[in-house]
Every structure is written in C-alpha cells, then in structure tokens.
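Chains as they are written, first to last, in this note's numbering: chain A, 1 to 552; chain B, 553 to 731.
What the hints contain is simulated information worked out from the structure, not anything from laboratory work. Careful, some of the hints might be misleading.
Covered stretches of chain B, going by a simulated chain A footprint (3 or more residues, C-beta under 8 Å) [claimed, not checked]:
#	segment
1	648-655
2	715-724
As a list, the in silico EDC-like pairs of lysine to aspartate or glutamate whose alpha-carbon atoms are at most 20 Å apart [to be verified]:
#	chain 1	residue 1	chain 2	residue 2
3	A	Lys233	B	Asp620
4	A	Lys503	A	Asp159
5	B	Lys673	B	Asp608
6	A	Lys325	A	Asp422
7	A	Lys503	B	Asp686
8	A	Lys174	A	Glu220
9	A	Lys174	A	Glu303
10	A	Lys325	A	Asp475
11	B	Lys673	B	Glu607
12	A	Lys91	A	Asp15
13	B	Lys710	B	Asp608
14	A	Lys233	B	Glu617
15	A	Lys503	B	Asp689
16	A	Lys233	B	Asp719
17	A	Lys91	A	Glu11
Some chain A residues near chain B, calculated using beta-carbon distances under 7 Å [as the list claims (entries may be wrong)]:
#	residue
18	His334
19	Gly485
20	Gly489
Fair warning: this is a prediction, and the values are worked out from it, not measured in the lab. Cβ coordinates follow ideal geometry from the N, Cα and C atoms, glycine included.
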Amino acid sequence: MAWQRVASRSEIAVDGVLGLDVDGSPVALYRLANEVFATAGICTHALAVLSDGFVEDGKIECPLHQGQFDIRSGKALCAPATEDLRTYAVKLEGDDVLIDMEQPAAYPPTVLNPVPDRRAGGNIPATDTCRINATNPDPERPLAERYVWPAEGLTRIPDWVYTDPTIYEREVEKIFHGRSWNYVALECEVPESGDFIRSNVGPTPVVVVRANDGSINVFENRCSHRAAEFCRKLSGNAREFVCPYHQWSYDLHGNLAGVPFRRGVDGKGGMPADFNNAQHGLRRLNVTAHRGVVFASYLEDMESLQDYLGPEVLKEFEATFDGRKPRLLGYYRHTLPGNWKLYHENLKDPYHATLLHTFLVTFGLLVAGNRSLMLSDRTGRHGVMASAKSERKSISTDAKKEMRAYRDGMTLAESRFMDFIDEFDSPWSVTMATIWPNLIIQREMNTLGLRQIVPTGPHEFIMKWTMFGFEGDDDEMTRHRLRQGNLMGPAGFLGLEDNEAIKFVQDGMQHVPGRQHLVKLDPVVAAGTSDSLISEASIRAMYRHWRAEMGL
Amino acid sequence: MGEATLTRDHLPDAAPPDSRLQSLLLHHEIESFNARYAQALDEQRLADWTDMFTEDALYVVLSRENFDRGLPVGLIYCENKRMIQDRAFALMETSMFAPRYLRHIIGNQIALGAESNGTVKSRANYVVLQVLLDRPDATLHQVGVYYDVFRRVGDTLKLAQRRCVYDNLLVPNALCIPV
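Can you build the whole structure from these sequences, using the hints too?
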C-alpha cells in the first residue's frame, strides 16, 4: 500500500472534478459534499479526459459521448460506456487528499444486477464487483505490475515499450484489433467488382475486395478450415476465393460458399449433418471509407471515422483528400528493423526535421524559423506535422551553427523538382498526418502517399507506401509528383535517413538494454499541440493515449 | 584467272561485314561498360557514375510490381542527367546513413541489336550485395534486371536509359547507393 498526497480537498469544488497526473497515470478526483473519490482519468469508451466532464447526482458524465459512471464505484451507468472505470482508494488527512493507486475504492457499489465474484480469493475485494467484466479481468493486474512506467511520468519512455514481446502481443490485441480504424486500401485500387488487393490490419493479413453490389469488403486472409493464407497474389480480380488446399470456396463477402465432399462419398465421411456454412465464413471486419480511403476495424461498434479522427485531424485529412479522386501511381515496400511506434514518433518529432535532414535545410525547404505546427488531436493518438515552405533566404549565423551541414552556395542542378505547386486549400506546403494506429498521410508538397505500417514483431515492421495523384492530373503534373518522389521512400533523400535513424534507435536499445528514452522538450506543453518545432509534446500525448489503451 | 578473281573477291575490304564479329564487339563493349559501372558504384565514385549517362538519360529504379502493372513510381526517378547529378550530390554531401560496402554484380547480358538511330537496346541481370560493418554476412540487397538503351556519344557508349527493375519487393530498410 502506498498512500500519497495528491491534492488539497479545498482545490476541488463541491460537485466538481479535478484532473491529475499521478505517476504518469491520469486520475480524476471528485468531491461530493465533504467526501472525495478517485477514478481513472480517462473514459473507458473513447479517449476523453473525464475532468473535462460534468458531475451530477454522484455521477460523472463524459464530455465526449455523454457516457456516465458512478463516481463512488466506477460503475458504467449508461451507453456508450460499458466498461467500468477503475477506482482508487482515497483517505483524507485534514485538508490533504491521499490516494493509493494500488487499491480500489472500498465504497460499496450501487449494483443493479450483482455479479458473483468468480475469482473469490483473488486480491480484489469481493465487494468490488464493479471491476468484473469481460474486458478487465484479473490477469491484467500482474502485467501492470510487471511493466511499471518510470516515476518521472511521460517525459521518460522505458525500453520495454519498444522491445518486449508481451507488450507487442498486447498491442495487437488492444490497439490494432481493438478500438481503432486501420487503413487498408484506396478505393481506386479496387475499382471494379471482383478487384482485390492483399492488405493488413496490424500484422494480420486481410483481403480487400469489391463485391458485385459495389461494396468494399475486408476479411481475414485465413481459411476457416485449416487456416491457410489462401490469397497469395498482391492484387487481381476474382469471382470467388478458393483455398487451394481443400478447395473451400468463399464469395466476395467472405461467406463460405462450398465445402468439397461435404456429404462424404458413398454415404461415408463428410461433415456432420448439422454443419452450417453460415457459421464458417471468413472473419469479416467492419469497413468504412472517406474520400476514397478505406479503413477497417475488428470492432462492430466503432464510432464514425470522422469522430475517430476528431475535427482538427479530419480537416487536414480533407485538405489532402479534397474531393478529387485519387489515382494510383505505384508502391514502395520495405522492411524497417525498428519498433512500429518509432515511426509515429518520428513524425510527431519536428525537432529532428532540421537536424537529421540536412537536405531540407541545405536547399531551404525547412529551417527552424519556418512557420510550422505540431498538432495533436485531443486524445493524443493522431497528429499532424505541418510546415510552410519559405523562399530561400539567408538565415542567421546562430541558427546555422545549430544545424550540422548548412552550406551556402549549394544548389540543385534540377531545382524544379523542389517546386511547390499550390494545389491545396491549406496554409501548409507539407503535412504529415499520423493516423493511429497504422497510417501516415504524406503530403510533401506535391508528392502524395499513404504509408501503411504492418508490424511483424517488436523489433521490425513492414512499410507499404501507396503513392498517388489525382484524376485530372496532366502528364506534367504526374511527372512532377514522380520527380518529387525522390525525397521520400526507402531511397528518398529524407526517407532513407528516417529509416536509418529508426534502425539506430532499435540497435541502441538492443545493444544497451533496459534503459529509458528522454522526451522532455517543450515543458510548457505537458502533452499535446505545440507551435514550436523544438518540442516532444506530441510524443508525450501519444504515450498518454497508448498507456490508457494498454492499461499500463 | 578464275582463281585470281576469286581471291580478289575475298579480300577483307570488299567482304560483307561479319555480323557475328560485330555482335561480339558490341557484347564486349557493353560488358566492359557494365564492369566499369559496377566498379564506380562499388567504390562509391558517384561523380564518375553520373558521367556514364547521356544528358537526356532516364534512370529509374522500380519494383517489378510497379513495372508489371505499368505503374510509374520509382525508388529513384531521374528524368535527365541533372537529376542524376543531384542524386549523386545529395547522397555524398547531405545524406546520413551507416557506412556500408555494396558490391554490384552484373551478368547475363543480352544486346538486342543496334537500332537505325544508333542506339542499342540491351538487358542484363544484376545483384547488389550489402555489407554493414557490424554484421558478418553480406546480404542480398537487391536482385533484378536492367532494361537499357545505350547511345554512342563520340567514341564511347553512354546510357540513354537504365530502368532497374528489382524482384525483391521488400527493400531491406534503405537503398543508400544507386543500383
């Protein structure tokens, strides 16, 4: 038991709520008359900060979707909240509020339909029935005890976040297969019925196919009979999918259509009489699309993509996908020997842009003084790194000293490849949108791409880049995009440096293990949006979200 | 008398060109070009590599996936020698990557014959092996086919087009030196 003082009671208004960060965990403190209660600070439904919510009649109402929880017991009271809030024990010593993060509140909960504690004898008090539900079982507690976040909070990231196989498995379950929309395709890759591509949701192979009714369907690339990954071609057109092993066939919606020798031969063998095809289709995913970009989710009750992105990130999404129809220009695919989150972090880290990418600075694409923004959505999971190209001008000597290889007189022989044709309704010439958990939307001036992260383990991921232009581009515009493509990808002037830097980070953790990363830049912004390039506030915001999703 | 006429008819000057010899010379010329090309890249002499292209040369490195589907995106996409120069310059002067050795091996050359405009189309297989300084193994970094168009500039052959089409779709991390 570790009681710690976290606040004064007088700081909390009666029928008010106060948000705190305790050892890096968001906590909400409530005051009902003279009593004080504590719960986890983030709603269990969507990522919302409860201290922005509304207290009434002993209940906290989430500001985002109006789910309600009982403040004393953490019990979820109304939709869309279904999972109870974690509670913490509180005691008062004079005006001091002390809480114990390892102990739930002892307050007898108000339970309409009491559930018997099937795990009697465990370390949770029998009265704490509010903690019993399918998604918050006991085995999670030892994990949270084994993986302890550094006491300094979000300014440190422990190596196990990037290197541990148990953490990786939990990420697949809680993030990629959890409450998330995962990018899977552009609609223009499957324009006709029967057109398909192989894709992935997290590490899981899926098939994205357009059915005869025009709908886009996403299902696992795993035969429901013996698990064979039946679709082997990167893309193509099919009337049905037939697993080559035993010829089980599936329609374009993933329904099981035929099982060879289902009734046996000569009255012998075959499936049981009650075998029902309808129960053995391919595992189908929830699908949504916006402006030609297709996303899939393992959850049926996902919020809309628009709500998932939030208004600010949606605005940037729609600045790139501005209504013109995307046209496929080709792919890059590469492996990257680093943890998949490092790629998000790299694009939530504007600090590196002028320091690693000497090319940008050398040719005046980006200097530390450029107008820029590092946006985080309110959950911290998505971000947009944005900057506006400036005309090349002399920069001050001080700024030069800080940047390794700025040299005057360096010019490109073919400088038109760096031209920016202002085709977007946006103040930014460059935006890199990190859409949690598996997508980066690259708008690097006029070279456009979707980068899809396919993790293969804690130490490596595959990156698939789908490069595109728009219908209506003339030949010269297409060639301009292709020329500017030299900046990005695994051989790009900038892209190859990012891949190398991320590899170096993973190498460092593997060769000197068990330490922490330091992400302290820009302390004025604890976590979230910053208008300074010299900031890691967006990385901190991402880990606030990650920890909530992972329960760590 | 008849014998003398016969001898004169077979003097080398008057003989029709021996197409086998021509083709052998051309093959040798391309083979020696490719050996010098590989050497320039292996030794990371990228300025020398740049000089092996014509002013209007197209140099593209693209995946077989893109090539087969008619998709134009390349890992490297240079529409003329100036862009090839910029590539060489940026890699040598501004790019950050771990030190490495690369070995380019070119074989199975086929010259597809001279065109009437003086260009020569040819193909060759290539393999690029990469050695990083902290690993004992040389890894197969890229394997593919060059689709080439050579043109004679003065006395020497230069590349007017080299499209490097690689079969291993997943590039291992980064391509730091051209192929």
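Hint check:
1. Evaluation of the coverage hint for the segment 648-655 of chain B: fulfilled, as 3 residues show C-beta separations to chain A shorter than 8 Å, against a requirement of three.
2. A count of 4 residues in the segment 715-724 of chain B with a Cβ less than 8 Å from any Cβ of chain A is obtained; the coverage claim is therefore met, three being the minimum.
3. Restraint check for lysine 233/A and aspartate 620/B: satisfied, since their Cα atoms lie roughly 13 Å apart, inside the 20 Å limit.
4. Restraint check for lysine 503/A and aspartate 159/A: the C-alpha separation of about 14 Å stays at or below 20 Å, so the hint holds.
5. Proposed proximity of lysine 673/B and aspartate 608/B is supported: the alpha carbons are some 16 Å apart, at most 20 Å.
6. For the proposed pair lysine 325/A and aspartate 422/A, the alpha carbon gap of about 18 Å is at most 20 Å, so the pair holds.
7. Proximity of lysine 503/A to aspartate 686/B is assessed by CA-CA distance (about 13 Å); at most 20 Å being required, the pair is judged to hold.
8. With a C-alpha separation of about 18 Å, the suggested pair lysine 174/A and glutamate 220/A falls inside the 20 Å cut-off, and the hint holds.
9. Between lysine 174/A and glutamate 303/A the CA atoms are separated by roughly 16 Å; this keeps the pair inside 20 Å, and the hint holds.
10. A hinted pair counts as satisfied when its Cα atoms are at most 20 Å apart, and lysine 325/A with aspartate 475/A qualifies at roughly 16 Å.
11. This hinted pair checks out: lysine 673/B and glutamate 607/B have alpha carbons roughly 18 Å apart, not beyond 20 Å.
12. Among the hinted pairs, lysine 91/A with aspartate 15/A is consistent with the structure: their alpha-carbon atoms are about 18 Å apart, no more than 20 Å.
13. Note on lysine 710/B and aspartate 608/B: the hinted pairing holds, with a Cα-Cα distance of about 11 Å set against a maximum of 20 Å.
14. For the given pair, lysine 233/A sits about 11 Å from glutamate 617/B by alpha-carbon distance, which is consistent with the 20 Å threshold.
15. Restraint check: the Cα-Cα separation between lysine 503/A and aspartate 689/B comes to about 18 Å, which is no more than 20 Å; the hinted pair holds.
16. Restraint check: the Cα-Cα separation between lysine 233/A and aspartate 719/B comes to about 15 Å, which is no more than 20 Å; the hinted pair holds.
17. With a CA separation close to 15 Å, the supplied pair lysine 91/A and glutamate 11/A stays within the 20 Å bound.
18. The interface hint given for histidine 334/A is met, as the beta carbon of that residue sits about 4 Å from the closest beta carbon of chain B, less than 7 Å.
19. Against a cut-off of 7 Å between C-beta atoms, the interface hint on glycine 485/A holds, since the closest Cβ of chain B lies about 6 Å away.
20. Checking glycine 489/A against chain B by beta carbon gives a least distance of about 6 Å; that is within 7 Å, so the hint holds.
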